[in-house]
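Protein chains: 2
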Amino acid sequence: MFQVAELGRKVGKREYKERSEVLRQELLYLQRRLQEEGNFQVIVDFAGVDGAGKGASIQKLASWMDPRYLIAHAWGPASDEERERPEFWRFWMQLPPRAQIGLFARGRYSRPFLQRAYGKISEFEYDAELDRVLGFENDLAEDGALIIKFWMHLSRDAQERRLTELQSDPVTSWQVKDIDWEHWRIYDQFVAAAERTITRTSTGKAPWILVEGEDENFRSLEVGQTLARYLREHLIANGVKLNGENETLQASQPETDTLPPRPEGLVTVLSQLDMSKRLSKIDYKKKMRKYQGELHLLQRKAMKKGVSSIIVFEGMDAAGKGGAIRRTVAPLDPRIYRIVPIAAPTDEERAQHYLWRFWRHMSRAGHITIYDRSWYGRVLVERIEGFASRDEWQRAYAEINDFEKRLADHGIVLTKFWVHITPEEQFERFSARAQSPLKRWKLTDEDWRNRQKWYDYEQAAHDMIARTDTLDAPWVLIEGNDKQYARTKVIKTLCQRLSGRLD
Amino acid sequence: MFQVAELGRKVGKREYKERSEVLRQELLYLQRRLQEEGNFQVIVDFAGVDGAGKGASIQKLASWMDPRYLIAHAWGPASDEERERPEFWRFWMQLPPRAQIGLFARGRYSRPFLQRAYGKISEFEYDAELDRVLGFENDLAEDGALIIKFWMHLSRDAQERRLTELQSDPVTSWQVKDIDWEHWRIYDQFVAAAERTITRTSTGKAPWILVEGEDENFRSLEVGQTLARYLREHLIANGVKLNGENETLQASQPETDTLPPRPEGLVTVLSQLDMSKRLSKIDYKKKMRKYQGELHLLQRKAMKKGVSSIIVFEGMDAAGKGGAIRRTVAPLDPRIYRIVPIAAPTDEERAQHYLWRFWRHMSRAGHITIYDRSWYGRVLVERIEGFASRDEWQRAYAEINDFEKRLADHGIVLTKFWVHITPEEQFERFSARAQSPLKRWKLTDEDWRNRQKWYDYEQAAHDMIARTDTLDAPWVLIEGNDKQYARTKVIKTLCQRLSGRLD
Chain R
16 MFQVAELGRK VGKREYKERS EVLRQELLYL QRRLQEEGNF QVIVDFAGVD
66 GAGKGASIQK LASWMDPRYL IAHAWGPASD EERERPEFWR FWMQLPPRAQ
116 IGLFARGRYS RPFLQRAYGK ISEFEYDAEL DRVLGFENDL AEDGALIIKF
166 WMHLSRDAQE RRLTELQSDP VTSWQVKDID WEHWRIYDQF VAAAERTITR
216 TSTGKAPWIL VEGEDENFRS LEVGQTLARY LREHLIANGV KLNGENETLQ
266 ASQPETDTLP PRPEGLVTVL SQLDMSKRLS KIDYKKKMRK YQGELHLLQR
316 KAMKKGVSSI IVFEGMDAAG KGGAIRRTVA PLDPRIYRIV PIAAPTDEER
366 AQHYLWRFWR HMSRAGHITI YDRSWYGRVL VERIEGFASR DEWQRAYAEI
416 NDFEKRLADH GIVLTKFWVH ITPEEQFERF SARAQSPLKR WKLTDEDWRN
466 RQKWYDYEQA AHDMIARTDT LDAPWVLIEG NDKQYARTKV IKTLCQRLSG
516 RLD
Chain Z
16 MFQVAELGRK VGKREYKERS EVLRQELLYL QRRLQEEGNF QVIVDFAGVD
66 GAGKGASIQK LASWMDPRYL IAHAWGPASD EERERPEFWR FWMQLPPRAQ
116 IGLFARGRYS RPFLQRAYGK ISEFEYDAEL DRVLGFENDL AEDGALIIKF
166 WMHLSRDAQE RRLTELQSDP VTSWQVKDID WEHWRIYDQF VAAAERTITR
216 TSTGKAPWIL VEGEDENFRS LEVGQTLARY LREHLIANGV KLNGENETLQ
266 ASQPETDTLP PRPEGLVTVL SQLDMSKRLS KIDYKKKMRK YQGELHLLQR
316 KAMKKGVSSI IVFEGMDAAG KGGAIRRTVA PLDPRIYRIV PIAAPTDEER
366 AQHYLWRFWR HMSRAGHITI YDRSWYGRVL VERIEGFASR DEWQRAYAEI
416 NDFEKRLADH GIVLTKFWVH ITPEEQFERF SARAQSPLKR WKLTDEDWRN
466 RQKWYDYEQA AHDMIARTDT LDAPWVLIEG NDKQYARTKV IKTLCQRLSG
516 RLD
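Sequence order for the protein chains is R and Z.
Note that our numbering gives residue 308 to position 293 of the first sequence, counting from 1, and the numbers run on in steps of one.
Note that our numbering gives residue 488 to position 473 of the second sequence, counting from 1, and the numbers run on in steps of one.
Don't take every hint at face value.
[Unchecked claim] Below, computed lysine to any residue pairings styled on SDA-like, alpha-carbon distance capped at 25 Å:
| hint | chain 1 | residue 1 | chain 2 | residue 2 |
| --- | --- | --- | --- | --- |
| 1 | R | 420 | Z | 152 |
| 2 | R | 420 | Z | 122 |
| 3 | Z | 420 | Z | 370 |
| 4 | Z | 316 | R | 96 |
| 5 | R | 320 | Z | 99 |
| 6 | Z | 420 | R | 138 |
| 7 | R | 420 | Z | 151 |
| 8 | Z | 420 | R | 188 |
| 9 | R | 220 | Z | 369 |
Think of the hints as simulated: they come from the structure by calculation, not from any bench.
Let the sequences and hints guide you as you build the complete structure.
Now the structure itself:
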């Protein structure tokens, strides 16, 4: 069965670059349509031979797509909370909501599979376990979920090569554990159990896809293209129109700019920023490589020490928060961070104090939680739009300081970015969005309406920074007119914050 | 400070009976108005001297009120999930949603209080801890929450008497632990720390109420009446009309009965029940005492062994599910059970498979979860009202059997009750509700509409029982025309199920 995944297929650098760019556009587009109209869950599993790129594939997909509508998770040993409940409880609780994508490493097949490979359970018992897994997948598929299971494969020799190679590089040696070599030693039993698993559990509703894991370029494209193909088909089967067939695109540009003149005498911490700061492409590439590498290593250390981080991104529309977030998470293991985009609260959240929805996302030790907008909405949009009463947003400063103090007291590294641009730069970005068919959907009438209130927002941001910039939870102002400068400063700051805490 | 709670006040049996009945009516009424129009959380804390009745008071309040809109929780040592997050995370996550009441034993004061009593932290450090607690309470109170903190007090001698008394009775001896005697030995330090706590943290928004804990009757009335008084005031302050001031009461009774004639040839497992079964008042009292006592002991054993129970109540409107649930939980420690009333799903629940909302309530080991209606809504109301498609409810039988199999495989004791009444009995109960000012709110036009579909429901229940009555998860049919018979059978069945599993 596995010889189809031992053909030694490779993709060269140039071909990879071209094809991955096309693929990325397609994935982003499909993900957006899923978000807009696809009322189903997408569940993507990665299993297979150690070293065949389960984690790396998840990281690659996460870097290609919009991380706000995507969750990644790898199951380790069960916590005590999990052990006291039926085994599948934790799989249920980690499911992405409809219209979102979940990427999972290991999971529901892992325990029984290893037990079978090591001969600890009979084939009969193993089949019963597989039936339980199938029942779970079937329930979800019947409910409309798209389920794809990737089996990442390596031949015995290729696995040995791969593990040796990973081990010899100090940057990746941590990825190889004794248990991986143990699995390699029983390669034949491992593959026999895998064959049984795949033949028994590859169904029309939840197919297994064999992926040749040796060449990273080939494997990444294979995984991405398969996901894109299945997602496209599933969207169409669900009646979602794709690529122009009646698809409505937001395209919104008023005849004249909506920005009123700057009020006289308005001086803020933001108007004092040197917005001319720039970084050349060469410097950007060099520094980015340096700081991303540093961040990767620091975060591994933080994970080991159990030091959690919370990162907040606030800023004007089109300031570049999303791009900065994507560069921040690029060097990180997607299983240890979560991006929480803050939109309107759900009804369960509305039934609690406004800070509750942020408490509920508190991660376990060592993880990173990134907020794309945050609790500061209370003193920004809610203040300006009147969603919070004067009394509510006024007392929010103290509530927020108190909240952040608690996080800091627990040892969490909290960093808050205000990504700033000038109104002129925003106008240019809005106009560029309106003209680009790929970005037009990002721009809505509301963005233009918000632009009219630029100075209200600037004043509110000024007040916010003045009242909530503390030693434990500092505001870092990012001069964002040049994206290269901005992204570099963000990641450099995170490195400093983290290394300051870890030393 | 504490002499006001050492006056030896007592309430005699007859007085207690009279006053508690009035109080219970008032609490139920206020709780209903809170549910209907009160958009705030109610947080009731119990702290104080060991043996002064913290747990017993929670149990008493829970038995007086509607357990569906109430949560009770006692904090023990933090789990590993909890230890990896800021200390207050678990307090946030256990907050009742708006319009509900949370009863808490120990909690946010506990750790620092004991550290202070044992002299492990300085007064200065203790004050800083108290400030953090106050900040939390203040946030919630500013958001509208009603917070009441009961300090249950006993004099040194009374505590000694109480602990000795509890210890000498085999039924209650488990309640006294070595640590309780340790606390008694440092009574003076304990009380000094208590005085500091109360003086520093009794605020207008979150007052401490001293309660004399020696006499159970006195203490129960004191706690209940205080809660009623504060709740009444808080409702009025929130603009909720009480007792007739424009309060609208549902009162719905059509001129003629809406029940169509029984379809010819309709024979179901329900129509075969002997609905004449009855139990005299004397037998009821005797058996109830017996089985409730048994259930109490069995559940303590189950808690120790980590055996969880899930109990499902389904049945026609007015069949007596609520009354049976109240009698079931009466002998149980409210900190180990949770009642989950199933109404319309929240939007977060709608974004998942329909079984997800039941998985999420899965308890830790040893606890009891009681469903007032359940996942069977899929094949009952959703089938009949067309909320689920034919395909959806048809495949739900298999999904449910699979779900319940998983629970049973994990060792959970699952018991499902169908509480049945005759259509004639329902008519009488509806009419009685319509005429009783205290119960009128329970009856809505929808109840009468559902009654029209009696035979559809009977058929659906028949199909459900036929297809989901399994050895692991049996349906127990309860002849419900006589409430005394029905309640006794429910509790007796639970004893049998639990003792069968524990042996």
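Hint-by-hint comparison with the structure:
Among the hinted pairs, residue 420 of chain R with residue 152 of chain Z is consistent with the structure: their alpha-carbon atoms are about 16 Å apart, no more than 25 Å. Distance check on the hinted pair: residue 420 of chain R and residue 122 of chain Z sit about 20 Å apart at the alpha-carbon level, within 25 Å; holds. This hinted pair checks out: residue 420 of chain Z and residue 370 of chain Z have alpha carbons roughly 14 Å apart, not beyond 25 Å. This hinted pair checks out: residue 316 of chain Z and residue 96 of chain R have alpha carbons roughly 20 Å apart, not beyond 25 Å.
Between residue 320 of chain R and residue 99 of chain Z the CA atoms are separated by roughly 12 Å; this keeps the pair inside 25 Å, and the hint holds. Simply put, residue 420 of chain Z and residue 138 of chain R have alpha-carbon atoms about 21 Å apart, close enough for the 25 Å limit, and the pair holds. Proximity of residue 420 of chain R to residue 151 of chain Z is assessed by CA-CA distance (about 12 Å); at most 25 Å being required, the pair is judged to hold. For the suggested pair residue 420 of chain Z and residue 188 of chain R, the alpha carbons sit about 43 Å apart, so the restraint of at most 25 Å is broken.
As the CA atoms of residue 220 of chain R and residue 369 of chain Z are separated by approximately 19 Å, the hinted pair is consistent with the 25 Å bound.
Taken one by one, the earlier hints fail for this structure only at number 8.
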